Amino acid sequence: MISILILIPFVAAIVVLFSGEKAKTISFYAAIAELIVSFYALTLFRADGGMQFVQDYWWIPSLGISYTVGADGISMLLVLLTTVLTPLIIYSSFSHNYSRPGLFYSLILIMQAALIGVFTALDGFLFYVFWELALIPIYLICLVWGGKDRVRITLKFFIYTLFGSLLMLVALIWLWLQTPGTHSFALEALYKIQLTPGQSGWIFWAFFISFAIKMPVFPFHTWQPDTYTDSPTPGTMLLSGIMLKMGVYGLIRWLLPIATEGIGQWGWLALSLSLVSVLYASIIALVQKDFKRLIAFSSIAHVGLISAGVFSLSLQGTQGAVIQMLNHGINVVGLFFIADILSTRLKTREMSEMGGIRLVAPRFSAVFIILVMASIALPLTNGFVGEFLLINGIFQVSGRMAAVAGLTIILGAVYMLTSYRKIVLGDKQARTALFADLTPQEKGVLVPLVVLIIAIGVYPSPILRFAEPSVKAILGIIHGHGGMALMN
Amino acid sequence: MTQLVGLIPLFPLIGFLVIGLWQKKFPGIFSGILASVLVALSFIISAGIFFTLPTSPVTVDIFDWIVCGSFSAKMSFYIDPVSSVMLLIVTGVGLLIHIYSIGYMKNDEGFARFFSYMNLFVFFMLLLVLGSNYLVMYAGWEGVGLCSYLLIGFWFKNTEYNHAANKAFIVNRIGDLGFVLGIILMFLNFGSISFDQVFSSASHMPHNQPVMVTITLLLFVGAIAKSAQIPLYTWLPDAMAGPTPVSALIHAATMVTAGVYMIVRSNIIYSLAPFTLHIIAIIGLATALFSATIALAQTDIKKVLAYSTVSQLGYMFVALGVGAYSSALFHVTTHAFFKALLFLAAGSVIHAMSGEQDIRNMGGLRKKLPITFLVFGAGTLAISGVPPFSGFFSKDEILAKTYLQSPFMFIVLSITSVLTAIYMFRLFFLTFYGTFRGNREQEHHLHESPPVITIPLVILAILSTLGGFLGMPSILSSHHFFDTFLSPSIAPGTLAGSGEVSHTFEWTVVAVSVLVLAAVIIWLYSRYQTRGNVPPQEEASFTPAYRVLNHKYYIDEIYDTIIVKPLYGLGVVFWTLVDNRLVDGVVTGINKGVLYSSQMLRRVQTGNIGFYIFVMVFGIIALLIFNLVL
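Line by line, the protein sequences are chains A and B. Heads up, the first sequence is in the numbering used here, so the first residue is 1 and it goes up one at a time. Heads up, the second sequence is in the numbering used here, so the first residue is 1 and it goes up one at a time.
Next comes chain B alone, as it looks inside the complex (with noise of 0.2 Å):
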């Protein structure tokens, strides 16, 4: 089975150029079924390899790709519990955000376009999981980049996405130079960067030796921007100009989690490191927190999603940061069920609504939408962490080893659910309940989403609810199936570090939390639901805390501030100063003193030039030959 693997990313691949090549000739939504159909073909090997797992590691070479002296990076790949986990993801979940798509994009005039650069995406992703060296995973990881670049700029005509497009490759280039330099460090530290020989040699070193702590946090920079973490997260919330499938897949189901499974990639040379595991769950922790405060602000359905998600990401840099990689795996897991599941239901809500997006407009919309209604709850309650829904399992599960480490992070992190929890809420109520706040037309036009749009929800719905007994706590079952599944990829010792958390002290954490957010969605309740209009406070920007956040504490003004603009002015003054006045000033000065000689050279020239060089060209062979000759 595993020799298929090769398999798995050339269905999307043969997706994309027959689509991108001949999108013209594809009638109505074909083109659509004919990538669905591709990346069906995906995830079916990967399930088969998924229920046939060899024991240990397994690598399947293709072919060499770069090989220079003893640098080599062959284009292969590697298959173990991590990978094949993250291959479920990528195709199970993309197959159904594809499916969705057919009815969602039927309308486009790019509907053929969409769908190549959708396999692209899954070509790229599926590269990046399965490379079993660092420099594939890299070309996964910047190919991603690519098809997010599209994808976001899909409606090219809109100059705002265009924008949007460019922040974010550019803000992951800015990760990426980290990612390339890590890399050749480590190949100029171990000799390889392939994961069999880097992990086999760093199961040799010391902790906190400076190189490693180098390589490890120069790898977490590229991770930084992938996957949205403070200070470079600021591209992923311009990126919901795209398309909301691709909001759903790319910039929350499968590529900004990236960073994360590159960590759990590589937690031996992370265990290896805990000051960069510091770092990592410091950046995770204020991450989780401060996007959630802007989450609280915003209007835009979408923008709040995206912060969420930005949130999320951040809890699993905190599991990743006190050394609970597969804790952190099976958040990205439960994550990409409900995430995907609300960015699609707010898809099917923004399709019933003509477009819009801002939820102060919308409203009752569950009389009208009951199917997206119940799904969109499901997600909300899967990621608010109420039980028995995933998001419950894998965060309580973070929770519980935060605290095993540090209890100050644990309380920061128990006060980010309670965001949590606030700004869903506040979202799912002012979207579905109350009265309609849009206009006439918009009521109008409401319908449910068609069945093509509706079912791919309903099965993430139930995954969103039922996917967290993967995970259960050692309180309700001593089978954790996700630990004992990851433990080949994990090393050992490094599984949540030591100990465990006391049985009383989760089942306090579970009654307070399950308390606190009664509490929460009772006080929001009758917060929204009562009134017919959104409450005044929240119509414009009312009081200067309220518009910080709205402005989401201004940081792109900042970074404009001090970055773009000093360096576009510094541009101008190379351009105008020291090239044209400076280095050409000097060589103006030469010019004069041979000026005569370059008179005299000018007359030349405007005589007859063909002539001229016949005689030279004529006179250097004639040169040769006779030379030759004699």
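Chain A on its own, in the form it takes in the complex (with noise of 0.2 Å):
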């Protein structure tokens, strides 16, 4: 099933590289059928907390690598969330003609294989595999299609990640080193190793480093800002909606599993550094003056609370980590969309140049408003679900780094308000009395994000229950080895 759900995108990618001028099409009708069969693969799961769907093959039997693939509840979450992402995000991009569409979207949708890939792959050196592959396409997508200075700005990019990658490569190595016999990528081979304290303690700081660059979390963010802001649109879609969610991915299934002891030294620090990013990152979103960067800035502030919510190794905090990612990558979405839909039709980033709008477009107004509430976590939207059960988990750690942690409710309202309130309100002004209101097409991307942040945000314990049994396992591994923390 796993497997099939990787073939999809793969071939469909083959088709549409060659098929010029069709490749919007076929593309989104390829990320549909995907989303079909994955709807389907949920109605065969059952969320008990076990792997499902394994397939295992060897791959090369002398190195012990196996092309293993299975999903728990985490995994299937997120495989959901890259099915339902992707075709919103090719749909979103039809307004736009970018040069080279066979290239541009068969781009996408190897990402797309690369990144179901990553959240499945039971082995340590497929899940490398799959990693490194899902970084080529959004390099490209970045270099060929991005913005004035996409040259410096890719560059630096690629030697963050490639830095990350290297650490991560050279820990899958040295753990292969350690397992017994014939040594073996396999996942469950490498939960088995008994790391003395010094050892864990390298592990996880290689382990760390790789998924915080990605994520990402100070002070290794400064790629992400840039990036964001100079993709195409549908390149920072699938960055912040779906690819920095590897980083987190890895920390739940890689990190805290295999370097226990580790955490147990370094946690508290990794728990800092998660805080201060919300903190660091609000602040200065509060400063942005171009929309897109503010919601690049803003996004390493939600993230860093996913983080601390996984480092507080709680049930509530890392519940928390895996709804919030659905829900980040959800609002995210949404919001570039709208930065785009802003800088498509005004041909500016600058918030100060807006205002107004809510005259001429009350729809746009309107759904752009629920996706600031989402963002800042109100009530009965997706992002409160995550954010309450994030800040909660951290105060099992911490009652103290739960208030700090606590300070993206207000920092989060003051930099989205008012960043709202000058692109949106206002009297006319003569720049945007001809801004249109949704078309179809927007409404068509917009619709949907809007229903699952309601939906999410007033009944979110199916989603809850369904991950719960997975997230109980993974914790039971770490408390298992004497870790901290309680079990709530």
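Heads up, a few of these hints could be off.
Below are the BS3-like pairs computed for lysine-lysine, each with C-alpha atoms no more than 30 Å apart in a straight line [claimed, not checked]:
| hint | chain 1 | residue 1 | chain 2 | residue 2 |
| --- | --- | --- | --- | --- |
| 1 | A | Lys-472 | B | Lys-552 |
| 2 | A | Lys-422 | B | Lys-367 |
| 3 | B | Lys-167 | A | Lys-428 |
| 4 | A | Lys-422 | B | Lys-24 |
| 5 | B | Lys-303 | B | Lys-167 |
| 6 | A | Lys-443 | A | Lys-422 |
| 7 | A | Lys-289 | B | Lys-565 |
Sample of chain A residues lacking proximity to chain B, with all beta carbon distances greater than 12 Å (derived) [to be verified]:
| hint | residue |
| --- | --- |
| 8 | Ile-32 |
| 9 | Tyr-40 |
| 10 | Ala-41 |
| 11 | Gly-147 |
| 12 | Pro-180 |
| 13 | Gly-181 |
| 14 | His-183 |
| 15 | Pro-257 |
| 16 | Ile-283 |
| 17 | Thr-344 |
| 18 | Ile-410 |
| 19 | Ala-413 |
| 20 | Leu-434 |
| 21 | Glu-468 |
One side of the interface only, derived from the structure: several residues of chain B facing chain A at Cβ under 7 Å [to be verified]:
| hint | residue |
| --- | --- |
| 22 | Val-67 |
| 23 | Ala-139 |
| 24 | Ile-170 |
| 25 | Leu-177 |
| 26 | Thr-465 |
What the hints contain is simulated information worked out from the structure, not anything from laboratory work. Just so we're clear, the structure is a prediction, and the values are computed from it rather than from any experiment. No residue lacks a Cβ here, since even glycine has one placed at the ideal position from N, Cα and C.
Please assemble the complex out of the two chains, which come individually in their own frames, going by the hints.
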């Protein structure tokens, strides 16, 4: 089942590459087909905490590398996030005509395949291959279709992530050497390795830096605002909506259960860095003038909170992280699409040059305010469910840390409402007087997002129940190793 | 009857969705009528529940909201005397204000949008008072904040209004942070956040446990912001930017009393933290006095009422602080009547004055607006605590119970009462007595409002006049309806602490207050009635003291200097120095180290990328398949 989900976009990518002008439509239908198959998979899925749809074939037996994929509740949710967002992202690009569409859309589909691979790989080497495979298309998307400064920015992005990947590769190979007998990269074999505290500390840092760059967490974040701002919007959406979840997923699946001792020693530092991220990025977001860059910084703040929730090692914190990965994906894609609509219509991203849009585009403004509210975690929107559980988890480690994390409640409201006021409200202005309200295509992208925001915000318990056994299983490994914190 | 409780918030929610989604399709005032009918339906069910109230609290589950491990927040409703009183206030006063708004907003181009927001507000307010656990209460709490934001900035063309809306939301968020942390700490301490379980486990706990004090203080931070107490009250006067019915419903009668409701609701845990109660009493007392002084020097009719709301809320917090929970809720009730009345009557005045809000430009309106004049008079008498108007009973009760705890607080509160009478009668005389001071056009336009506006006013005036008899003091009657009714929800032994004031003392207080009030009224009457003009010292910022009051003690400016500006400065420093210089500098350093390879890379990437990618992907797939086949 999982292999089918990985193969569909791959095959489609090859078709799309040679389909010329029809690339848009074909890739969209492929993504829809993928979505349908993933929902079919969901109907077969039993949320009992174990791995399902497991497929295990030898790939390079002499090196103990196998093609093993499977999904537990966490993986399944992230696969669904990928299959739901990809068609929306493709559809959102319909109003643009990118040069060389065949290449552009096939890169998106390759990314989708690789992302699903990352979320389901149960073999260290396979995980690494998919991880790298997911990065290459996004480099190219930024480099070929990016803004003015794309070469410098992509280089920075490339160096950052290359450095992270190398660390991860070294850590994986070193772990592989520790496996007994003929070595193995299998996840289960890696989980069983007994590391000394010192070794575990090193593994912890290698994995953490690698994942922290991806998410990103302070001080490994400076590639992110530039890259998000300069990439074409579909690239930004893929990066922020889905790809950064690779980092969080890596923490949960690979770092926590393997480097348990390392977390005991260094978890507090990772947690603190994540919280610094929250505060630091929120404060920078306050002074941004470019709306797209503002969302980029707010994304750092949100992801910092997710990462902190994971390092709380509590059930609520980790569950919050899982559901917030979905929510962040939904909300940030919506917000970047809003930014795209604004910059396409107004030929600027400077908020000070906007205003008066409420008057001429009420539907646009209504959708925008819902996205703003979801982003600042108003109850009954999806953002609240995640944020509350995350802060709850962090509180179980320390009340003071929870208070710091909670500052996002205030600062998020400040920068989001201020930008909404500057962009949308105010009296009529010459520049925005002809701002058109949402087109059917734009509604087609935004309405599903709004429905998801409210649906998850009002009734998140099925998703939480879906993920809970898997989260408990992983936390069981950590706490079984004599880790810290409590399980509520 | 209680099983129907789910319908109470459902009606206004439907109204919001239907009117919100299809606002263009509603002809004329139909959306306003629909919105009012839906609130009326909620009111009918609320009244039904009130009269058939079960003897013990009932919880009605709707569905699982956030459930995670042992944490559980169900979407479920809690019915007891406290929530049923609040239901009646919210739907009853809400209904009158909806009807009034049909007339008041008739010519506004955003008519349908206004009613969709109003219905959304009623929905969230009902969620707030009905929630059976703190998280549902919090959902309503934040939701009313959203509606407040939307309605303060209702006339979104005006940048100043938009700033006021942002300020309201953001200041409330400061309180919300405290509220959320309080809820989480409660969960970690009690293992639950539902009222039932928290209250029953709290009853075995000793007094002044540090964790209890922390929880109650954190929740109180939420109340400080929502109910506009020092130091977070500054948003409320600015919130008067919204249409006047909004000021009446949200910023006087219901939303701002949510903090009081929350503490009454949580009286069992607050009674375990006397330390917190002292803090509450001190903050309430300071707020009551402080904002009453500011109200003395305001010239905008709505600003006077806004500061008076802040001051009256301070009264309620003093009541809470001395453990007189039911007195606080009693004052919430009477205040809802007379303050809604005052705001709506002010709206009628503003309407008649073609939008003018400065009382220096009014005067002599009693002849042109006889009904508004009468009802405003009733409201003024009620808020000033003149017997037998409702405010007299609820204020007198708070004063008496405060005296039992601390004579000092009693004195300060009495002084505040006198100040209240002064600023209210100043407002009343300046508006309705003397001669008209506006311009010709305004004078020509002066008219009494239509019945759709005056009928709700008259109903509220009757309630403001008679509402006090719900809680007769012990000197007049042995039966205090309010206390008896609420007693199942108030922890035993906390009903206003201990003992009773002696009847002699109470009679003395009544007599003295009546005499003082009479003196104040006569003094102000002679000051404003006999002159054609506003006393010159009120025309401009005359004395330094007056200027300080008029500028609200420069609190906004102080906050701006010590908090807002430094925070933005920090943002610039982080961005330009730390991010762009420091962190990026390190990365650039590494870049230079790998300059050669990066140049190579760039050369490769300028080639035929399509081909490059295709080969690579093909290679990987081939490798994969090759090994699978083997």
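Leu-434 (chain A) remote from chain B - nearest C-beta pair above 12 Å: Non-interface label on Leu-434 (chain A) holds, nearest chain B Cβ at 17 Å vs cutoff 12 Å.
No chain B beta carbon within 12 Å of Pro-257 (chain A)'s: 19 Å, holds
Compare the distance between the alpha carbons of Lys-422 (chain A) and Lys-367 (chain B) with 30 Å, and conclude whether the hinted pair is satisfied. Distance of about 45 Å is beyond 30 Å: violated.
Distance rule for Tyr-40 (chain A), whose beta carbon must clear each one in chain B by more than 12 Å: 23 Å, holds
Beyond 12 Å from every chain B Cβ - status for Ile-283 (chain A): 5 Å, violated
Closest CB-CB distance from Glu-468 (chain A) to chain B, is it above 12 Å? 7 Å, violated
His-183 (chain A) remote from chain B - nearest C-beta pair above 12 Å: 17 Å, holds
Please verify that the nearest CB of chain B lies beyond 12 Å from Gly-181 (chain A)'s CB. Since the minimum Cβ distance to chain B is about 21 Å, Gly-181 (chain A) lies beyond 12 Å and the statement holds.
Minimum Cβ distance from Ile-170 (chain B) to chain A below 7 Å? With a minimum Cβ separation of about 5 Å from chain A (threshold 7 Å), the hint on Ile-170 (chain B) holds.
Check the hint pairing Lys-422 (chain A) with Lys-24 (chain B) against an upper bound of 30 Å on the C-alpha distance. 26 Å, holds
Has the given pair, Lys-443 (chain A) with Lys-422 (chain A), been kept, meaning a C-alpha gap of at most 30 Å? OK: Lys-443 (chain A) and Lys-422 (chain A) at ~23 Å, within 30 Å.
Against chain B, does Thr-344 (chain A) keep a CB gap of more than 12 Å to every residue? 23 Å, holds
Going through the hint list in order, the structure does not satisfy hints 1, 2, 16, 18, 19, 21, 26.
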